[in-house]
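A.B. asks: Listed here are the chains, written in short residue letters.
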Amino acid sequence: MAKIIVVTSGKGGVGKTTSSAAIGTGIALKGHKTVIIDFDVGLRNLDLIMGCERRVVYDFVNVINKEATLSQTLIKDKRTKGLFILPASQTRDKDALTIEGVQEVLEELSKEFDYIICDSPAGIEKGAQMALYFADAAIVVTNPEVSSVRDSDRILGILQSKSKRAEEGKEPIEEHLLLTRYHPERVALGEMLSVSDVEDILAIPLLGVIPESEAVLKASNQGTPVILETESEAGLAYTDAVDRLMGEEKPLRFLEVQKKGFIKRLLGG
Amino acid sequence: MGIFDYFKSKAEPSSASVAKDRLQIIVAHERTKRQQPDYLPQMQQEIIDVIRKYVQIGSEDVQIQLDNTDECSVLELNVTLPDQ
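Sequences listed follow chains A and B, in order.
Each residue of the first sequence is one higher than the one before, counting from 0 in numbering that gives the first Met the number 0.
Each residue of the second sequence is one higher than the one before, counting from 0 in numbering that gives the first Met the number 0.
Hint data in this document are derived by calculation from the structure and do not stem from the laboratory.
One should not assume that every hint holds.
[Claimed, not checked] Below, a list of computed lysine to any residue pairs in the SDA-like style, where the Cα atoms sit at most 25 Å apart:
#1 A/K169 with B/Q34
#2 B/K32 with A/I123
#3 A/K169 with B/Y38
Given only the sequences and the hints, what does the whole structure look like? Please build it.
C.D. replies: This is the structure in structure tokens:
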């Protein structure tokens with residue numbers, strides 16, 4: 000049986016797809032057979048972030064409608080062994096996904112894979128609910144910013160009431176907070192919510208903190224999951240987050256303000 | 000913090016702490032709303048309809064709140080009647 004992990008946030012643009020790509024790759028690097036599913040039907044983007052956009056032939060909706068088989072549709076990642084991508088449809092809308100259809104695909108994938116990562120679309124409506132419905136664990140991607148934190152709390156409410164586990168009264172979905180686009184400098188100046196501020200408000204266990212990093216845009220420009228940029232802070236922070244997801248103890252890093260020169264400090268630059 | 004910042008007023012709270020305070024209030028409010036039973040809005044509407052048979056009131060004049068403490072739940076109903 001595969002473990003199903005949804006990467007969700009409510010708010011758009013906080014880094015769900017970046018995080019799905021990075022975490023999926025990180026899990027596969029640990030030797031677990033992993034598939035990342037793009038649930039954002041109509042606005043496919045995972046393929047671009049993973050750098051496989053030109054290899055998409057069939058998509059998730061084709062599989063649900065039995066127009067293609069899973070093995071025809073799954074794209075094997077060229078960099079990471081044991082990693083596959085199931086792209087979203089670009090021409091259909093979110094109504095093309097049905098609970099029964101999604102369940103059937105997940106059950107088939109479950110036979111073959113150890114981990115299924117569901118990259119949720121933004122919002123709290125059908126597409127997002129479909130992505131989280133069958134989840135065993137959720138990674139709630141949050142920016143240290145008011146609207147993102149509020150939306151994360153709303154999505155936590157949906158995880159706790161509208162998921163399969165909630166409806167069937169089973170053990171609740173494991174919740175993990177992933178704080179992204181974090182600026183230690185701005186936190187030190189009192190301009191940005193700190194890790195502990197967000198933890199206080201959302202009250203779920205912290206999986207990791209990804210610092211704002213130029214490497215993220217650079218990696219997406221090139222279609223490489225940022226976790227493979229092992230020189231970058233963001234890449235290393237994702238590696239730590241994956242280690243914690245697998246149950247390892249890892250101290251948080253990159254939360255300290257980098258020391259500036261005397262002149263720069265004097266001028267407040 | 001540069002030397003110029005030392006001349007600024009120190010009394011103002013940081014924008015991050017304002018953000019935290021605002022979030023704590025709104026998130027707590029939205030959580031209590033979420034935990035309300037599904038029938039509450041409909042019940043509120045029916046109560047309004049019954050009162051309206053006798054007194055003219057608007058839907059904003061009735062406030063219903065359900066508070067859950069450890070031991071018991073209290074349904075608070077607050078009706079503002081118009082001036083005679």
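A.B. asks: Work down the list of hints and note, for each, if the structure agrees.
C.D. replies: Tested hints:
no., hint, in the structure
1, A/K169 with B/Q34, "holds (19 Å)"
2, B/K32 with A/I123, "holds (17 Å)"
3, A/K169 with B/Y38, "holds (24 Å)"
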